[in-house]
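Position chain B relative to chain A; hints supplied.
Protein chains: 2
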Amino acid sequence: MRADARDNRARIMAAADNVFGRSPGASTDDVAKLAGVGIATVFRHFPTKTDLLEAVLTLRLERIRDRALELAGSADPGTAFFEFFTQVVSESASKLAIAEALSAAGAAAGEEAREAGRGMREAFGGLLAAAQKAGAVRADAQFPEVYALLIGASRGATAAELDPETRDRMLALVFDGLKTLS
Amino acid sequence: MRADARDNRARIMAAADNVFGRSPGASTDDVAKLAGVGIATVFRHFPTKTDLLEAVLTLRLERIRDRALELAGSADPGTAFFEFFTQVVSESASKLAIAEALSAAGAAAGEEAREAGRGMREAFGGLLAAAQKAGAVRADAQFPEVYALLIGASRGATAAELDPETRDRMLALVFDGLKTLS
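Chains A and B are the protein sequences, given in the same order. 144 is the number that the UniProt record's numbering gives to position 144 of the first sequence; each next residue is one higher, with no gaps. 119 is the number that the UniProt record's numbering gives to position 119 of the second sequence; each next residue is one higher, with no gaps.
Hints are computed from structural coordinates only; laboratory data are not their basis. There may be inaccurate statements among the hints.
In the DSSO-like style, the derived pairs of lysine-lysine whose C-alpha atoms are separated by at most 27 Å in a straight line are [said to hold, decoys possible]:
| no. | chain 1 | residue 1 | chain 2 | residue 2 |
| --- | --- | --- | --- | --- |
| 1 | A | Lys-133 | B | Lys-179 |
| 2 | A | Lys-179 | A | Lys-133 |
| 3 | B | Lys-179 | A | Lys-179 |
| 4 | B | Lys-95 | A | Lys-95 |
| 5 | A | Lys-95 | A | Lys-33 |
| 6 | B | Lys-179 | B | Lys-133 |
| 7 | B | Lys-33 | B | Lys-95 |
| 8 | B | Lys-133 | A | Lys-179 |
Chain A on its own, in the form it takes in the complex (with noise of 0.2 Å):
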């Protein structure tokens, strides 16, 4: 791909990202006029709406993933924990909105997604196993409820709209069972 075509592209799903994050019945029109390039040419990377929202939600999904990878590092694997949660709690509501168009579009998530998606849990996996060994988090929480609370605190913000303190106090809660009791 040139350097140009390239640059589209990026813009496009930047732009896409955006649209489809706010609003889940927006056009592949809002689309190309945020990205400031033509239909023609948003038609031309993403033949369908279909295949521009997959690619919107996967790329979503390896940024996650990537940030639960780089976190794995940390010296402080509680804190990278609880970091890694309240992050995708926050950016849920956008990234539940993008899914919901895909699913509105008549698609299921694609192998693209689905993989990045595995990524994301087992990457979420490591973390957690990490912050277990560190006395951070509660050695007999087993991954499955683990991975259970971070989807419902995720759904549970985004379905009751709540604003920022309210949910980092919901948060605050779900935290305070998880962390290992003294």
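Structure of chain B alone, referenced to chain A:
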């Protein structure tokens, strides 16, 4: 309404609760079959699928609210609060399926369902206040974040398709975060 019409209506609603609670994409015909009535009888009571879904969702929410009001008189407010929380989360998969079917039918919950939802929310607030007064739930937890946790645990359990054991372990983590720190 004559007694046999009342019986039919109750039978149709029980069948709809069952059918749509398991698969949101089910048809009114599936409901008629399970209820053992003709499709014309279903449409006489509920002119549209939306009417039927709305009635079933309202009934669900009213039952949950009534359960909360019943528990409100308990001599052990801590147990009452945690029992109610557990029950709401356990039943959430089928309740969300009905809400999803309503949304797929292009309708938002109408006034009756919203009124029942408000009643449920209020009754939950009463259980929380009583449990806090009894010292079973920490006094610094406020209603908005505790309610968000209830919604979140419900959605997390449903989205992650948790088996009952994992769901109970997830709830144990949530409850430890809610209990009074000693």
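Right, here's what the structure says about each hint:
Annotation: proposed proximity of Lys-133 (chain A) to Lys-179 (chain B) holds, straight-line Cα distance about 25 Å (limit 27 Å). Between the alpha carbons of Lys-179 (chain A) and Lys-133 (chain A) the distance comes to roughly 12 Å, so the proposed pair stays at or under 27 Å and holds. Straight-line distance between C-alpha atoms of Lys-179 (chain B) and Lys-179 (chain A) comes to about 13 Å, which keeps the hinted pair within the 27 Å bound. With a C-alpha separation of about 24 Å, the suggested pairing of Lys-95 (chain B) with Lys-95 (chain A) holds against the 27 Å cut-off.
Taken as a hint, the Lys-95 (chain A) and Lys-33 (chain A) pair is honoured in the structure, with Cα atoms around 21 Å apart against an allowance of 27 Å. Only pairs whose Cα atoms come within 27 Å are accepted, and Lys-179 (chain B) paired with Lys-133 (chain B) is accepted, the gap being roughly 12 Å. As the CA atoms of Lys-33 (chain B) and Lys-95 (chain B) are separated by approximately 21 Å, the hinted pair is consistent with the 27 Å bound. For the hint linking Lys-133 (chain B) to Lys-179 (chain A), the alpha-carbon distance of about 25 Å falls within 27 Å, and the restraint holds.
This entry satisfies every hint, going by the numbered hints stated previously.
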